[in-house]
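Residue numbers (UniProt numbering), protein chains in the order written: chain A, 1 to 294; chain B, 1 to 313.
Bear in mind the hints are in silico, worked out from the structure with no lab data behind them.
A partial selection of chain A residues facing chain B, derived with a Cβ cut-off under 7 Å:
no.: 1; residue: 29
no.: 2; residue: 120
no.: 3; residue: 128
no.: 4; residue: 219
no.: 5; residue: 274
Ideal placement from N, C-alpha and C gives every residue a C-beta, glycine not left out.
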Amino acid sequence: MTVQTGIQPISSARRAKDRLVQVLVYLAFALAVIPLLSVLWLVVKNGIGRLDMEFLTHSMRNIGARDAGGGAYHAIIGTLEQVLLASLIAVPIGLLTAVYLVEYGEGGRLSRTISFFVDVMTGVPSVVSGLFVLAFWILVLGMPFSGFAGALALSILMMPVVVRSAEEMLRLVPRELREASYALGVPKWRTIVKVVLPTAFTGIVTGVMLAVARVAGETAPLLLTVFVTDSINNDPFNGPQMGLPLYVFDQAGRPTDTAVDRAWTGALTLILIVMLLNLVARLITWWRSPARRR
Amino acid sequence: MRRSAFRRSRGDGPFRFASTGAGIVLLAIMAAIGVFLVVKAVPALQANTSHFLTELTWQPNATEPVFGIGALAFGTVLSSLLALVIATPVAVGVALFISHYAPRRLASALGYVVDLLAAVPSVVYGLWGVTFLVPFMLGPSKFLNDYLGWIPLFGGDTVVGRSMLTASLVLAIMILPIIAAISREVFLQAPKMQEEAALALGATRWEMIRMSVLPFGRPGVISAAMLGLGRAMGETIAVALIFPATFNISFKILGPYGNSIAANIANGFGEATEVGRGALIASGLILFLITLLVNMAARFVIARRKEYARAAA
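This is chain A alone, in the form it adopts within the complex (with noise of 0.2 Å):
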């Protein structure tokens, strides 16, 4: 008679099953992670080269098509420019929006509409944008060209992802704030301004330099609305003027070496602005996250 132990050991069929899959799971992984490497190697690599005061300090005016030399100082400005104007636009609507979801809406019907509208919002494509803002701005109201017009396309894109991390941060606030708030005679809307906001003010600020980065790398709007061109052009209301990942896709396009040096470079300088506002906006929260997630 043979004695029965209580746990029989894993049968090889299904430990080596179990190893397979994690096997898989780390080689995953592993694959989304190359091409991540690849394009940061090769774009610090290749874009390292040119990057000195004359990228940073000159435009590409007056520079041959087989000339090295000539910078991205119009494309910088020009991409400060649209990325303020665009934030300036959306973070005001996008954050009543959000005080509309979080302290308004009720559940109501417009909230509930506005809340699935903001996600669809999330979807639309960037060159969708562009279009829209090239046929109601410079087709049908007959606008200019314009840094301006480029700042509308992007700040449609940014309004839905400022939206969404305000109103995620504005419902972390616990309620014992407001009640406490409402208890000593405060009106709604002082409450909002003066407790509401100012608690969550830090993860707001994180949620817009996230959609900055998000914009400030946008290419398609920008071709549809503010133009190719090589010379500075410090006015966003008037004229066409570059933008850096414009400048990028423009010298990418030409069939020099020169050329695609130069389209490394501002590919290095975007890449390292939209990384800083990144780290920036992740340490921000990881420091001051109310509740901890894993």
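Following the hints, complete the assembly by docking chain B onto the known chain A.
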């Protein structure tokens, strides 16, 4: 529940009005996108001498404009579906790695690394694709053609680097982070009790995942994949640099064929006449409608299960 203040304040009305107004502005923008695309598309469509939905060629700038969305829509759908087929298994693997396999201390940092993929601008992927991936893909493509050429997708006599496959691969890399991020959140919300019960009954880690995590996460993964599909369809600049910009319908994904609605807008805008711009806007309208449908379907799947609502934000 009413939480109105004890005493009405003069500021309340305007503040409430402003925040409600901002929400309505958002709805108005979505409506305006549809309306103004239609307004500028109609004159070009009237000038068209062919049928817009079925015509393959794209010559809206000619004196007798002939253009149609056929080839472009085909390329958009094929490249996005290919990207989805490539990206989804990897993304699910990445999500499982971060939610159930990686050491707990490293998990969130590794998740951030994957999120960084989404932070790289589209134009940088395009530049990387043209200068690195296109020449690199020539070898594997020839291999696929030589040994798996009997599968129609990999068949054909010419094999090039600037192919549908290369473009789809870049798209797959670009949509991987969103699919992985949503799947990860859903997997993390799988009921802990069930997982522990499975382990207590002697299940291996994989058996536990198959029995409790995957069934719970399936709707979330499906909607994540659909959101990824919407992203891939609207992706413009990266594929505009890679596609050879042809106007035909071919399933030979290794051959010198391929184009998409979005890529065509980026490549064709520079030399477009008035009718040409209208034609591009008309194609953009189709793209808008397709992505709208895909996104709304994905959101409905998510909205049906409340516990996912946060994950997909």
